[in-house]
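In case you want the letters, here they are:
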Amino acid sequence: MTEAIAIRTENVSKTFGRGEKAVEAVKNLDLRVESGQVYGFLGPNGAGKSTTIRMIVDLVHPTHGSAILFGQNVRNHREVLRRVSAMVEGPSFYGFLSGRDNLEILSRSANDFNPSRIDKVLDRVDLADSGDRRVKEYSTGMKQRLGVASTLLSDPDLIVLDEPTNGLDPIGIREMRGIIRRLVEGDKKTVFLSSHILHEVEQVCDRVAIINHGVCVQEGAVTELLGQRFQGIRLLATPMEAAASNLREKWAVSVENEWLTVSALAEEAAEIVRRLVDQEIEVHQVVAKQQTLEELFMEATDSGNGDPN
Amino acid sequence: MSLLRAEWKKATGNLLLTGFLVWIIPVGILTLYILGFLVYLVTDDPTTVGIVRVTAERLTASVTGVWSPIITFPGNILGRLLPLAFMAVMFAGEYQWGTLRQIVPRSRRSSLILAKVATTTFIVLLSFILTSLIIGAGQAAGHALLGLDYSSIFAGDKLTQFAQSYVEHLLLGTLSLLILAGFAAVAAVLTRSILGGLLASFGLSVLEPMSLLFLVLLSRLLNRADLGNLYRFAATYHLDNARSWFVAGHPLAPPVPGFTAEPTLVISLIALVLWIVVPVALSIILFNRQDITS
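Quick note, the sequences are listed as chains A and B, same order. For the first sequence, the residue numbers in the working numbering are 6 to 314. For the second sequence, the residue numbers in the working numbering are 28 to 321.
Honestly, the hints are just simulated from the structure, not real lab data. If you're wondering where the values come from, they're calculated on a predicted model, not measured in any experiment. Ideal Cβ placement from N, Cα and C applies to all residues, glycine included. Where hints are given, some of them may not hold.
Stretch-level coverage of chain A by chain B, calculated; a stretch enters the list once three of its residues show a Cβ under 8 Å from a Cβ in chain B [what the hints assert, rightly or not]:
{"hint": "1", "region": "55-65"}
{"hint": "2", "region": "81-89"}
{"hint": "3", "region": "98-109"}
Generate coordinates for the entire structure from the input sequences, incorporating the hints supplied.
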């Protein structure tokens, strides 16, 4: 049974403290996460990401609004959390116990203990050989992978991963990316992913929301968000000065590290190349310059439009 | 049951914690017995026979005496601290280790508190029972070593009396430990740290029996003898009173001049149940309303 919408937050807000010391961590946030996607949830430190995630899994109670999972309000229907697994703000385990024992405790806490399932998830995250070692002897990467294993214990429909690549080396990050994509493409899960590593988010997520000062400032499919921000054509040509001079007759051109950036539309690329070749200027490379998720993130979070005050 | 097994695994898996705060009691007693036997074997002192030979009454007193540090005043002021420290770490540790954010979405918050209360109480209870067994077995071994007859000391209805007395002490010990678990739960939920949980639960545990001294001081300062009567609300008083009913068949002698209450055994048992229910219920209410931010 998989509903079309895995997560919906309706006008959800959270204020910590009272009076003058009150801090509004999340303000009237509306999110819709469709099933079967990797949904990236981005924002700078203190933006309200973790508070939102905690409200989704009922660790934190909303001041206003509600978090709805698979059509059910989490506060009134906690049983819906049986369909959800979460690793909130990194993995946290009993260091004095082995990885396997930790997973046993988690599965027993959910009244869903199955030893063969534990073996399976340990194997899934390449910890089958280290499952009997105490967690305090694990490296950061191993703890992260054990965290992911813990989210797979109950075969959930929705997996919430808060900074799953923290502390991982590039190989670990790539492995994590593979695990996440397999969860969605192979196992048909929904993954709600919070991460600071924007390059990774860009590669792994179908859709993203950027939150700043507790408010959602950008939301959409990754391809749409980046595609609509076409920023011209970049090209490598020799002689560079002649190329720049020629193109400036029609477009604005800037030069950076031997690359020319032409403020032109994508469909004008052919005309640009033709003009240069006609002038016997050699064109070595032509690429469309698109805004990266990192640039989009910086723009969205630096602009201050996230703060309604 | 599944949650209880999870709690059992957490507790028993933390060898340092349970080793130093729980199992140290039976292991310590066992070590003392072994050392005693070794000393006897080396010295072969004939006066040892007088020390080792026990009557049913002496044996009952030493075996049930295991529970005294947690049920009788004033020994309970310090006697409760070791099991309480174990319970406090078991409750508050979840906050400090950040493990609540893994556990809470998987189970009901009230079930978590109840499972912890039950498991920590059971583990400490087990160590006290084990200590009693070691004392009983140690006495038997001593008799065997010296060639004394052990089985005859339980002639007639002595064994029944021993068993009844033990069960009564076991009941009071269980109630006392459940009260401590309630203190540990409240302290952990309020302070959210191991150190805070330890200090707050120690404070509760020490202040509760010490209320007698405060009340005496206050009654003298204010020249109101009736203030001492407020001690009848203390858990320690009801544990002592229930024990007095069990052992002597009458209520506890007035602990301070002017103390007029003489609660029956049933009243004391009800009071003790309230001392368990109120802190546990309070911790559940607070925990249910709490934002888990650690």
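A quick look at each hint next to the structure:
1. 55-65: holds (count 5)
2. 81-89: holds (count 3)
3. 98-109: Three-residue rule met by the region 98-109 of chain A, so holds; n is 7.
Every hint, counting from the list given before, is met by this structure.
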